[in-house]
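Enquirer: These are the residues of each chain, in order.
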Amino acid sequence: MGIEKFIFYIFSVLLIASASMVITVRNPVKAALFLVLAFFASAVLWLLIKAEFLAIVLVLVYVGAVMVLFLFVVMMLDINIERMRAGFIRYLPLGILVALTMAGMLIWVVSGDGSAFNHSVLHGPSYSNTQALGLVLYTNYVYPFEIAAVILLVAIIAAITLTLRRRPNTKHQKPAEQIAVKRHDRVRMVKMKAEERK
Amino acid sequence: MIEWITSLLSFLPSGWVTVIIILIKIVVIVLPLMLAVAYLTYAERKIIGAMQVRLGPTRVGWNGSLQPIADALKLMFKEIIIPAKASKFLFLLAPLLLIGPALAAWAVIPFDAQMVLANVNAGLLYVLAITSIGVYGVIIAGWASNSKYALLGAMRSAAQIVSYEIAMGFALVGVLMAAGSLNFGDIVRGQEGYGFVSWYMWPLLPLFVIYFISGVAETNRAPFDMAEGESEIVAGFHVEYSGMPFAVFFLAEYANMILISALASVMFLGGWLSPLAGLLPDSVFEIPLLGPLLGSGIHWFFIKIAVFLFFFLWFRATFPRYRYDQIMRLGWKVFIPITIVWLLVLGIAILAGLPPWFSAA
Amino acid sequence: MNFEMPNFLLALPEIFVLGMACLLLLIDLFLKDQDRHLTYLFSLFTLVLVAVLTVYGYSGERQISFNGAYVADGMSQVLKLGVYFAVFVVFVYAKDYLRDRGIFKGEFYLLGLFGMLGMMIMISAHSLLTLYLGLELLSLSMYAMVAMQRDSARASEAAMKYFVLGAIASGMLLYGMSMIYGATGTLDLSGIASQAATADKTLMAFGLVFLLVGVAFKLGAVPFHMWLPDVYEGAPTAVTLYIGSAPKIAAFALLARLLGDGLINLHDQWQGILIILAVLSMAVGNIVAIAQTNLKRMLAYSTISHAGFLLLGILTGTRSGFSSSMFYALSYVLMALGGFGMIMLISRKGFEGDKLDDFKGLNKRSPWYAFMMLILMFSMAGVPPFLGFWAKLSVLEEVVASGMIWLAVVGVVFSIIGVFYYLRIIKLMYFDEPASEEELECSADMRLMISANALMVLGIGLFPGALMAACAAAFSTT
Numbered sequence: 001m002g003i004e005k006f007i008f009y010i011f012s013v014l015l016i017a018s019a020s021m022v023i024t025v026r027n028p029v030k031a032a033l034f035l036v037l038a039f040f041a042s043a044v045l046w047l048l049i050k051a052e053f054l055a056i057v058l059v060l061v062y063v064g065a066v067m068v069l070f071l072f073v074v075m076m077l078d079i080n081i082e083r084m085r086a087g088f089i090r091y092l093p094l095g096i097l098v099a100l101t102m103a104g105m106l107i108w109v110v111s112g113d114g115s116a117f118n119h120s121v122l123h124g125p126s127y128s129n130t131q132a133l134g135l136v137l138y139t140n141y142v143y144p145f146e147i148a149a150v151i152l153l154v155a156i157i158a159a160i161t162l163t164l165r166r167r168p169n170t171k172h173q174k175p176a177e178q179i180a181v182k183r184h185d186r187v188r189m190v191k192m193k194a195e196e197r198k
Numbered sequence: 001m002i003e004w005i006t007s008l009l010s011f012l013p014s015g016w017v018t019v020i021i022i023l024i025k026i027v028v029i030v031l032p033l034m035l036a037v038a039y040l041t042y043a044e045r046k047i048i049g050a051m052q053v054r055l056g057p058t059r060v061g062w063n064g065s066l067q068p069i070a071d072a073l074k075l076m077f078k079e080i081i082i083p084a085k086a087s088k089f090l091f092l093l094a095p096l097l098l099i100g101p102a103l104a105a106w107a108v109i110p111f112d113a114q115m116v117l118a119n120v121n122a123g124l125l126y127v128l129a130i131t132s133i134g135v136y137g138v139i140i141a142g143w144a145s146n147s148k149y150a151l152l153g154a155m156r157s158a159a160q161i162v163s164y165e166i167a168m169g170f171a172l173v174g175v176l177m178a179a180g181s182l183n184f185g186d187i188v189r190g191q192e193g194y195g196f197v198s199w200y201m202w203p204l205l206p207l208f209v210i211y212f213i214s215g216v217a218e219t220n221r222a223p224f225d226m227a228e229g230e231s232e233i234v235a236g237f238h239v240e241y242s243g244m245p246f247a248v249f250f251l252a253e254y255a256n257m258i259l260i261s262a263l264a265s266v267m268f269l270g271g272w273l274s275p276l277a278g279l280l281p282d283s284v285f286e287i288p289l290l291g292p293l294l295g296s297g298i299h300w301f302f303i304k305i306a307v308f309l310f311f312f313l314w315f316r317a318t319f320p321r322y323r324y325d326q327i328m329r330l331g332w333k334v335f336i337p338i339t340i341v342w343l344l345v346l347g348i349a350i351l352a353g354l355p356p357w358f359s360a361a
Numbered sequence: 001m002n003f004e005m006p007n008f009l010l011a012l013p014e015i016f017v018l019g020m021a022c023l024l025l026l027i028d029l030f031l032k033d034q035d036r037h038l039t040y041l042f043s044l045f046t047l048v049l050v051a052v053l054t055v056y057g058y059s060g061e062r063q064i065s066f067n068g069a070y071v072a073d074g075m076s077q078v079l080k081l082g083v084y085f086a087v088f089v090v091f092v093y094a095k096d097y098l099r100d101r102g103i104f105k106g107e108f109y110l111l112g113l114f115g116m117l118g119m120m121i122m123i124s125a126h127s128l129l130t131l132y133l134g135l136e137l138l139s140l141s142m143y144a145m146v147a148m149q150r151d152s153a154r155a156s157e158a159a160m161k162y163f164v165l166g167a168i169a170s171g172m173l174l175y176g177m178s179m180i181y182g183a184t185g186t187l188d189l190s191g192i193a194s195q196a197a198t199a200d201k202t203l204m205a206f207g208l209v210f211l212l213v214g215v216a217f218k219l220g221a222v223p224f225h226m227w228l229p230d231v232y233e234g235a236p237t238a239v240t241l242y243i244g245s246a247p248k249i250a251a252f253a254l255l256a257r258l259l260g261d262g263l264i265n266l267h268d269q270w271q272g273i274l275i276i277l278a279v280l281s282m283a284v285g286n287i288v289a290i291a292q293t294n295l296k297r298m299l300a301y302s303t304i305s306h307a308g309f310l311l312l313g314i315l316t317g318t319r320s321g322f323s324s325s326m327f328y329a330l331s332y333v334l335m336a337l338g339g340f341g342m343i344m345l346i347s348r349k350g351f352e353g354d355k356l357d358d359f360k361g362l363n364k365r366s367p368w369y370a371f372m373m374l375i376l377m378f379s380m381a382g383v384p385p386f387l388g389f390w391a392k393l394s395v396l397e398e399v400v401a402s403g404m405i406w407l408a409v410v411g412v413v414f415s416i417i418g419v420f421y422y423l424r425i426i427k428l429m430y431f432d433e434p435a436s437e438e439e440l441e442c443s444a445d446m447r448l449m450i451s452a453n454a455l456m457v458l459g460i461g462l463f464p465g466a467l468m469a470a471c472a473a474a475f476s477t478t
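Protein chains in written order, with the working numbering: chain A, 1 to 198; chain B, 1 to 361; chain C, 1 to 478.
Okay, chain A solo, but in the shape it has when bound:
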């Protein structure tokens, strides 16, 4: 068995196992951690098909930023697992139906004559995915790319609008003012005559 196949099987098993753990494990923090593991395993699979940019960005964005914040929130929540599981049996048939449909569609797509999949071109080691993506992104797709940037800007504005509360009566520290303070702002020298003791 070639080393690539070996790595592929190890990480695909890891991916499937951790993905199923995400939905079966009882503790939400552990579920989030398994999700991280799943992201990691899929990043490795992407590396195997030489999509290094996507793999690295998956780790950088999802593992490094999104899931950290997610964990941050989950760790502070007090989730009652029993209550969440209450409707499990009731929703099970529906869930199985959806899962079977998805599986059926996947099998339908994959078991075709494969004509949809023979477009991939293998490039040599000097080919840079990152550069190729960048070139397309900033030329042909510059308009959608800029709109996506505007959407993120709106998301920032929206988040700040909904959360920022100006509280004028709290005591803030203003380091710039603190540093700019001069002696005469704080201390006043007063000349006075010594008082005689009576």
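It should be emphasised that the hints constitute simulated quantities derived from the structure, not laboratory data. Hints are not guaranteed to be accurate.
Stated by the list, open to error - With a Cα cut of at most 20 Å, we get these calculated SDA-like pairs of lysine to any residue:
1. A:Lys30 - B:Leu93
2. B:Lys148 - B:Tyr324
3. C:Lys427 - C:Asn294
4. A:Lys30 - B:Met328
5. B:Lys78 - B:Phe246
6. A:Lys171 - B:Met328
7. A:Lys174 - B:Leu152
8. B:Lys85 - A:Ala31
9. B:Lys333 - A:Ala180
Using the hints, position chains B and C against chain A.
Expert: Same frame as chain A, but now just chains B and C:
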């Protein structure tokens, strides 16, 4: 050397030989690194001692030089205590998650023009991605300990690391713009020319400073050591750790310091390049003994790392700890705007072909 | 790599709005609360300028730029001008209302402008990608606007519902788009149109269904309408006004681009779905509206029924059908602006005039505004000679012309049922005793605007030719 190993292992399929050679290379990088970590702790105690007019360790070995070895032995033989109701597996996994990325990032760092484990085109991104995983070690340690101080420390640290990662990422974007490449080897070669004048630290000065300060914050070192904060939350996320797991946390912190220093020197100070190459006449570098010393080589890389490490220690001896809101303010309201503005300035400089850094482009 | 420098000038209105919105973001940061009206004036100024840019920047022919992502044609020009007008009116109406409720913040205008940018992008989209991104930009702005009144539990609940259902709808839409992309191999709408004949039929049908479900969610067509009344009622009226007006034009554009430009060859397949959506919308909207006591809720159901009528024109699949729907969308927006504007007119600090009973005896309090409301309600009901009549007439004409007489009859029946609840308001205004004798208090620009708005409904109703011609011309170029 490599040919010799290949011939020795010729009975194996070729794929496996590559794996074994890579493993050997990893050992060659990691072992000295661990030794460096050990002696960094010694240097820290000696240097801070000197700054505070004390002696530091003196008893074990000549001037205390065997102290780190003694410390390591002590920690190895201590009992590993796992708190009641702690999540055992995660509790033990956390230190490994912290040290793993600190070591893995070395894969793409070039020690010399040829000496690099993996000459990856997206090296810069790889480092950014790998170092961002380290935060899980801290979070998991805090959560798995089942202790409120540990959890508080983990929360602080997670927020801090995520915040500073943004400024750090922007600083790296500056490097990427200047070099036009994500490959560390190419980044260093982009700084060749007029010795230290050609280093990226000059056109990227604000980014350089921000990168290094963010690096200090990322490693949770003083004055950003809020995650530990011994005076407020005892020792933060690793309060419940003892013995070898604690030692691994310690190793990870120092390994991260070395990593940040190495990255800073590669990206801003020209890595293995000599500060004099290109400034002195070529004949100087042909003088026996002195010439190779003055010329580019791995020793310059180590000297640069040492300088940065000295800064780390110096900060710790000098600055009082930041308060939490001050850290957030600095990261979000000072660093991020500065980096964004400087990226704009940099873009203009690159377009204008500002010599000597961007004249070729 | 073959790359052609895009014609940036074509997208000048979008670029201008983005630039001005960013500028406003910076300016607003440094304004004190008492100077906030500068933000308001700046936004209005932006709208006027962009209208000028749009009119003068258009060469009169269909042009495509940005590697097929952007199109400027007759339809985009007319619809954009309609959107600018609607947003302008919304901004004017909203000022007093927001100020009275302590949410007179720059963010309303900012998000309003960004939402408008999203609508412009949708209107000028020529690829699935831009269509989706424009829709998301619009939706995101609207979610935030609904939630803006943070202390109101109802607004938060409405925002939550809107967000969750909107996200599901976006997911559906995206899923459908990905299938169509998979089947045709292109995101470009004209590319899809030319590939549709040879593409995998099953995959296209699946994609089409998901696409239409997503669009129906966004449009609020039955059976995907459940969010609409709650959101309309829960949101601050100023925001209801925004989400109930201009985005309808954008929704029409979404349908026209997707079905008209991209999937016109699948007309046989989507016609049936649209017929079901249209009939259900007209039925549920008009019948449930009768039971409402809250005017905002009633108008929400009326929106649903109007969405049904909008679909009637589109489902014919002809150019004149699309242009009649476009006329319908523009007329509806004009009437909706007036309708929600009246609620804001009789609202004041600490009092929401959104109950039907609040309109009791309006004639005694202010005959002029009661008359304005009369015009608006008659128009919505489709009574001649008001604008709404011509809108309904033109759509029904198209349906008859394409041979679906039964559908036209259904439309007429439901619109007659609808007349009942519009007339009820007129009865309340003219024949009931007022609950309070208080004077209506509002600023001059609001009075002027709402009178102009209602009179426009009357005026265009009397002379509908110009607008109809513009709509017809918009579709003659494509």
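Enquirer: Compare the structure with each hint and give your call.
Expert: Status of each hint after checking the structure:
1. A:Lys30 - B:Leu93: Given that 20 Å is the threshold and the Cα spacing comes to 13 Å, the pair holds.
2. B:Lys148 - B:Tyr324: 17 Å, holds
3. C:Lys427 - C:Asn294: Satisfied, since the Cα-Cα distance of roughly 16 Å is no more than 20 Å.
4. A:Lys30 - B:Met328: 28 Å, violated
5. B:Lys78 - B:Phe246: Status holds; Cα separation ~10 Å.
6. A:Lys171 - B:Met328: Holds, because 17 Å separates the two Cα atoms, which is no more than 20 Å.
7. A:Lys174 - B:Leu152: It is violated: about 26 Å lies between the C-alpha atoms, which goes past 20 Å.
8. B:Lys85 - A:Ala31: Given pair lysine 85 of chain B, alanine 31 of chain A holds - Cα atoms ~18 Å apart, limit 20 Å.
9. B:Lys333 - A:Ala180: Given that 20 Å is the threshold and the Cα spacing comes to 19 Å, the pair holds.
In this structure, the earlier hints numbered 4, 7 are contradicted, and the remaining ones agree with it.
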